[in-house]
Amino acid sequence: MPQKLIHVDALIAALDSERRAKNFSWRQLAKEAGVSPSTLTRMQQGKSPDVNTFSALTRWLHIPAERFYADQPEHPAHHEDPMAVISSLLRGKKKMNPKAVAALQELVHAAFKLSKELK
Amino acid sequence: MKRGFKAGAERIADETRSELCLDETERFDPLSLARHLTIPVLTLASLAVLAPGNSFEHYFSVVDLDSFSAVTVFRGTRRLIVHNENHHPNRQASDLSHELSHTLLEHLPTPVAGKDGRRYWNPEVEEEAAWLGAALLLPRNGILRMVKAGCSVIDIAASYGVSESLCIWRIRQSGVHQQAERWRRAWRT
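In the order they appear, the protein sequences are chains H and B. Just so you know, numbering that gives the first Met the number 0 puts 111 at position 112 of the first sequence, and the rest follows in order with no gaps. Just so you know, numbering that gives the first Met the number 0 puts 48 at position 49 of the second sequence, and the rest follows in order with no gaps.
Keep in mind the hints are simulated off the structure, nothing from the lab. Note that the structure is a prediction, hence the values are computed from the model and not measured. Check each hint, because a few of them may be wrong.
[Unchecked claim] Okay, the calculated beta carbon distance ranges per label pair:
(1) B:V62 x H:R66: 37 to 43 Å
(2) H:V50 x B:H35: 47 to 53 Å
(3) H:K3 x B:V62: 35 to 41 Å
(4) B:C150 x H:S54: 44 to 50 Å
(5) B:D65 x H:V50: 46 to 52 Å
(6) B:G113 x H:V50: 41 to 47 Å
(7) B:C150 x H:E65: 56 to 62 Å
(8) B:K147 x H:K3: 49 to 55 Å
(9) H:R19 x B:Y119: 22 to 28 Å
(10) H:S54 x B:Q172: 39 to 45 Å
(11) B:F4 x H:H108: 38 to 44 Å
(12) H:R66 x B:E105: 22 to 28 Å
(13) B:D65 x H:A64: 48 to 54 Å
(14) H:R19 x B:L49: 31 to 37 Å
Every residue gets a Cβ at the ideal spot worked out from N, C-alpha and C, and that includes glycine.
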């Protein structure tokens, strides 16, 4: 039987909503559901889970697995760029001069633009 | 730092190293963790090639080499890391380990700078990432074993591919120094 396509973003959104309701971190969710935290990070990166992980996560959600099946790789319900601002986590000097901040903003915008093309 | 953070971070470091099949004596390669988590990592030069017409590469590679180390850029839940490849390899390992620690600790992203033009700086988040980043590079049991065996800071730093200053900081902060001292005293009596 061919493997079903899964809406990873929809699954991540459902997991995110449920973990927030339970006041769990992603790490706690992973432990509760019996999957590795790294798997959840990979799913956040857009990678599909394997069959066992998918099954464990839909069981944890108490949502039928079929809800996350897709006939098309791109699901219309998937909202691209939910964040209104370009955000980041930076390691650099605590205090930067205006030129450095401008160069950094340019860098982050370039990376953000590129991230759309990365699968 | 939040109560219990340090013990929790040591656990995350041990679990993460285990996932990469590293024992306590082996060197941590942040790029292998990035591959494991499927987080793309770009250098300034590789980003500049893909984004021609920008000046950030020249600025952070030539004009102001020290200001920028690494950044994780978010698009929704997806992450991408850009780092400064012009720094010493030990510093690059530390920078990337720090950035990946933000992901492992589920830190939330912020805009680069505020309306006043100053960059955002959250000392608690940075302190946590620094702690976990060092724990990934320098596993507590591994450095304890080396300190007990009489290895110097230079030896330990070289073995794990980190700077001596990071190694000294980690040995002191993790309590390894005191633990090794107690062990030595017990052996003398």
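Quiz item: Taking 56 to 62 Å as the hint, is the beta-carbon distance of C150 (chain B) and E65 (chain H) inside that range?
Solution: Check passed, 57 Å falls within 56 to 62 Å.
Quiz item: Do the beta carbons of V62 (chain B) and R66 (chain H) sit within 37 to 43 Å of each other?
Solution: 53 Å, violated
Exercise. Given the hint of 31 to 37 Å, check if R19 (chain H) and L49 (chain B) actually sit that far apart at their C-beta atoms.
Key: 35 Å, holds
Exercise. Hint says 35 to 41 Å; check whether the CB-CB distance for K3 (chain H) and V62 (chain B) agrees.
Key: 52 Å, violated
Quiz item: How does the Cβ-Cβ distance of G113 (chain B) and V50 (chain H) compare with 41 to 47 Å: does it lie in that range?
Solution: The hint (41 to 47 Å, Cβ to Cβ) holds, given that G113 (chain B) and V50 (chain H) are roughly 46 Å apart.
Exercise. Just tell me: holds or violated, for the beta carbon distance of R19 (chain H) and Y119 (chain B) against 22 to 28 Å?
Key: 23 Å, holds
Exercise. Could you check the hint for me, namely that R66 (chain H) and E105 (chain B) are 22 to 28 Å apart, CB to CB?
Key: The hint (22 to 28 Å, Cβ to Cβ) holds, given that R66 (chain H) and E105 (chain B) are roughly 25 Å apart.
Quiz item: So the hint says 39 to 45 Å: do the beta-carbon atoms of S54 (chain H) and Q172 (chain B) match that?
Solution: 42 Å, holds
Exercise. Note whether the CB distance of K147 (chain B) and K3 (chain H) lies within 49 to 55 Å or breaks it.
Key: 54 Å, holds
Self-check item: Verdict for D65 (chain B), A64 (chain H) (Cβ pair) under range 48 to 54 Å
Solution: For D65 (chain B) and A64 (chain H) the Cβ distance comes to about 51 Å; the hint holds.
Quiz prompt | Range hint compliance [Cβ, V50 (chain H) to H35 (chain B), 47 to 53 Å] | solution = 20 Å, violated
Quiz item: Does the hinted range 44 to 50 Å hold for C150 (chain B) and S54 (chain H) at CB?
Solution: 47 Å, holds
Of the numbered hints stated above, those contradicted by the structure are hints 1, 2, 3, 11, listed in ascending order.
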